[in-house]
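Okay, here's what each chain looks like letter by letter:
Protein chains: 2
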Amino acid sequence: MSRAAQPPTAKTPCKADVDYFFFFFYFADLLPAKNGEEQTMQFLLEVVEILTNYIRKTFDRSTKVLDFHHPHQLLEGMEGFNLELSDQPESLEQILVDCRDTLKYGVRTGHPRFFNQLSTGLDIVGLAGEWLTSTANTNMFTYEIAPVFVLMEQLTLKKMREIVGWPDGEGDGIFSPGGAISNMYSVMIARYKFFPEVKTKGMAAAPRLILFTSEHSHYSIKKASAALGFGTENLILLKTDERFAFISLFSVPPLQGFVPLFVNATAGTTVYGAFDPINEIADICEKYNIWLHVDGAWGGGLLMSRKHRHKLSGVERANSVTWNPHKMMGVPLQCSAILVRERGLLQGCNSMCAGYLFQPDKQYDVTYDTGDKAIQCGRHVDIFKFWLMWKAKGTVGFEQHIDKCLDLSAYLYNKIKNREGYEMVFQGEHTNVCFWYIPPSLRGLPDGAERRERLHKVAPKIKAMMMESGTTMVGYQPQGEKVNFFRMVISNPAATRSDIDFLIDEIERLGNDL
Amino acid sequence: MSRAAQPPTAKTPCKADVDYFFFFFYFADLLPAKNGEEQTMQFLLEVVEILTNYIRKTFDRSTKVLDFHHPHQLLEGMEGFNLELSDQPESLEQILVDCRDTLKYGVRTGHPRFFNQLSTGLDIVGLAGEWLTSTANTNMFTYEIAPVFVLMEQLTLKKMREIVGWPDGEGDGIFSPGGAISNMYSVMIARYKFFPEVKTKGMAAAPRLILFTSEHSHYSIKKASAALGFGTENLILLKTDERFAFISLFSVPPLQGFVPLFVNATAGTTVYGAFDPINEIADICEKYNIWLHVDGAWGGGLLMSRKHRHKLSGVERANSVTWNPHKMMGVPLQCSAILVRERGLLQGCNSMCAGYLFQPDKQYDVTYDTGDKAIQCGRHVDIFKFWLMWKAKGTVGFEQHIDKCLDLSAYLYNKIKNREGYEMVFQGEHTNVCFWYIPPSLRGLPDGAERRERLHKVAPKIKAMMMESGTTMVGYQPQGEKVNFFRMVISNPAATRSDIDFLIDEIERLGNDL
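Protein chains in written order, with the numbering used here: chain G, 9 to 522; chain E, 9 to 522.
Where hints are given, some of them may not hold.
Since the list can't tell identical chains apart, any single copy or any two copies may satisfy a pair.
To be verified - No farther apart than 25 Å at their CA atoms in a straight line, the calculated lysine-lysine pairs in the DSS-like style are these: (1) K412 / K42; (2) K469 / K315; (3) K201 / K230; (4) K209 / K230; (5) K167 / K490; (6) K425 / K465; (7) K72 / K370; (8) K469 / K490; (9) K490 / K370.
It is worth saying that the hints were derived from the structure and are not from the lab.
All chains should be built: construct the whole structure from the sequences, respecting the hints.
As C-alpha cells, this is what we get:
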C-alpha cells in the first residue's frame, strides 16, 4: 500500500518538505511499520500544527464561531471534503486535509462568544490532559491496566465528597458518561437500597414505586424512569413556585398502594438555573424514608465557591449527588460524577463478578479493581484531565472561575433588565439569564394571541441569522405557556463583559427589523 | 497567581529556554489570558514532546510494558509524584512533570507485547483523531453544535449496517459508551418493540418477560437484565456444547406464563472466542417472534474480513447488533456501536423531546438532531477517530489487520498445542487461545485434587512475576470447573510472531521453577 518515497532525513523537516511529504505516505507507513518512526512523528506534529492553529484562532474574536452549512451541503461534499468512506486507503496528505476540514466546518465551542450550551470553553490544561489520556488509551475497569488513573479517580471523588460535606469524604462514587447516566445510577441505587431483590427478581418483586422530581428538572430523570422499568407515569413532576423551585411534596395527591422511593432535587435547572430548596425536601425525605438525590450536574460547580455554595445548602443530606465538572467547571467533555453517601451500594447494585477481569488472586490489593461497580464494562478515562486541571488551578482557581461567570451573568441581567426591547423571563441563581427580545415592530402591540405568535418567531429567526453569520451562538426555547425566549448561560472562561455587550448588540442588529 | 517572568520572544524556544520556562508560569498565564498565546503554544508543544517520546518508546520492544507499583506505593507518593489535590495552583513545570509521571507509572497498552485485554494497540491515525476530537470538544446531541460529526456518525453507521447485510444499509443505530451499554440498548429496544407501554407504565404493564443468553456470554447482558428491571433470574443462561456455542433454545424447560422476549447470540465470546450458531438461533427466534440480538462486541470486527466473516453467518437476520470497533479493529477507546434493523425504535424508546435542545423551529433539517435517541443527554464524540481510520486504511486495511491477527493466533495455537508443558483449554474461532502452562514439577502428577490445586496457582504466579518484571501482560482466569488458565487474545497491530515467541519463552522462564 505504501508508495515509494524517501522520507527527509532531518528529524524535523522544514515546511517545504512537509508540503509534499505526506502525498507519498500512507497509514501503512506509520508505526508499527518497520522504520515508521520518522513518518509517525512528522505526521503527529503536522496534526498538532493543525490543532494549535485552530486553538489560536478559537481565542481570536475576529474568527467566526462557525461556518454554517446545511446537512445536504456537507453531504454533497465541499471542495475536497468528502465524508464517504472507501475501500482503498487515502494518502496521509488527504487525512491531514480531512482534519483541517472537519475543524473548518465544525463549531468552535471554545470561542469567547459561544454561549449555546452548559459546557463551553476550551481549557488548555484540560485539553493537554485529554491528549495524554488518548495516548495512554486504557480502560478504568482494573488497577491492573490503569493504576494511576484508578487512584486519581478515588482521590478526586473523595475530595468531591468532602466538598459536598460528607464526614471525612466517606462514601462512594464513579465517573460516568454524562449527567444522564449519573442520574440513572442514582435511581438504580435507590431501588437497590430499599428493594435489593429487584436485582435478581425484577420489578415484579417490588410494590409500585413512585419517583418525584420537579417539572423543571432535567429530562434524564424521565429517561431513567422509562429505561429502568418504573415507567414515566410513575415519575411525578411536581409543580414549582415562582422561583421554579419545588413547592412541596405535599402538593401531591395522597398516594395509595404506592411506595415513594426517590426524590430528585435539582441544584441548577437546565433552563432557568433554579435551585430546589434541598433542606426542606430533605426534611420530608427523612421523615418518610425516601432516597434523596441532588442533580447538581449544572449547579454542583457552585460548591467550589464560598460565595455561592449556600445555594446548595443541605446537599450534605442527600443520599446521592450528580455533579458534572464538564459543565460549570470547564473540564473538557465528558466528565460527570455520581457520588453516593453509603459505601457498598454501587458495588452491590451492579456487581456481577466477571472472572476474566476481577480475579481475586491477583498480587495486588484487588479492592482497587473498581470496574464492577459500573453499569459499563470498559470505561473511558475521564478523570485525568480533571485531576490535572485541579492540580494546575487549585481549588481556588475553580472558585475564581465560577465567581467570574456568576458576575458576568449579573452584568448581563443588570444590563438588559430595564433596557428598551427586553423582557425578563426569569433570573436564576446560576448563570442562566432568560429573556425575550422584543423587536421595535412588536413593542406597541398589546399582549394577546397575535403578539405571542409573532414573538414566538423572533428568537428562532435571530438564532438562524446568528448561525448564518457565524458571529455568536446562544440557545432559545419555549417553556410551558411561554413562547420562545433566549436562554443565556455562561460557563466559558474566555468570555468577558465585552462579549456580553457583543451578544446584546448582535441580537439588536439582527432583530431590529423583524 | 502568575509570577513575574518574561517569556522568550522567539516563537519556538530552544530547549534550554524550555527547561526553566515553565517554572514561572501558571494556569492563569495560558489562554484565554491576555497575551497568553505564546505560553499556551509552548506548553502544548511541550506536552506533545512528552507524548511523542512516550509513543516512540511504546513501540520499542526494549521498553517495559509497565513499571509496576502497588496501590499503597503510588498513594504514598513516588519521588515528586504526588496524587493529592491542593487548594493552590502548581506551576506548569509541575504539571508537565505530572504528565510524565502519569505515563511512567501507567501501562503501555500499545506495546507490541501487551496482550491483556480485547482492546490493545495504539493506532496513530486513531490517536490523531482523538487529539482532534478533544480539541473540538463538542457534543453529539445536535447537528447545531456537531454538524460534521453527526453526519460522519450517520454515514459510518450506514456502512456498518451494509456490512452486517441489511438491505441498502437501512436501519438505525448509535455510538454508545461501550459494549455493555450497547447491549443494554438492545434489551431496551426489544422491550419497547413488543411492550411499548412499559415506557410509560413500567414493567408492571408487561407479563413476566424472559431473556436468553449463553452461559459464556458477556456479563453485560446480566447487568442489563438487573438494571432494566427484568431481574437476573429472568435471564436464562443456556448451556453450550463442546464448541461453547448454544446447544438449542429447546434445552430450556417449558415456559409457563412467561413470555420469551429476547435472545442474545454471542459472536466471539470474551473468554473462548466462540461463535454461537446465529442461523439456528434465528430460526427459533423467527418461529416464536423473539427479538434476536447479536453481541458482536468482540467478534463484529470479523465482518470486515472476507476470510472470516462466515463465522457470523446469519447476522443479517438479527434485530440488533453490538459491534465495538475499539476492540478487534484497533480504534482507540471508546468506540462501540449498537445497530438496529428497524428504524424508529431507538427514537421511540428513548425520546423525551427536551425543548431546550430539540427545538422543532430551527432553520435546518432537524431530523439530523439525533441526540434524543440516546439514553445519554450529552454524548462524547466517538466517531471521528473511527471515521478517520477508515479513510486512512480503507476497508481493505481493516481486513488486513484482522486477517493478520487471526493468523498470529493460529501461529500461537500451532506452536503450543503439542509442546511439552502445555494443555489446551479451547481454540476458538477468534484470536482467543486458552491454555494451561504445566511447570515441570507438575508434569508427573496424576490428575486429581492436588494437581488441580497446584495448577490453579500457576497462572496467577506467572502473571504476577510478568507484571513485576514488566516484560509482557496476558490475562488468566478460571472458568466453571476449569482451574486458572491463560487467555491469550490478539488485537494489537504491533504484535508479530517474535512477540508470540517472546510470550511463550517468558511463561516458561518465569514458570519453570514453580
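Exercise. Checking against the hints above, which ones are violated?
Worked result: 2 and 5
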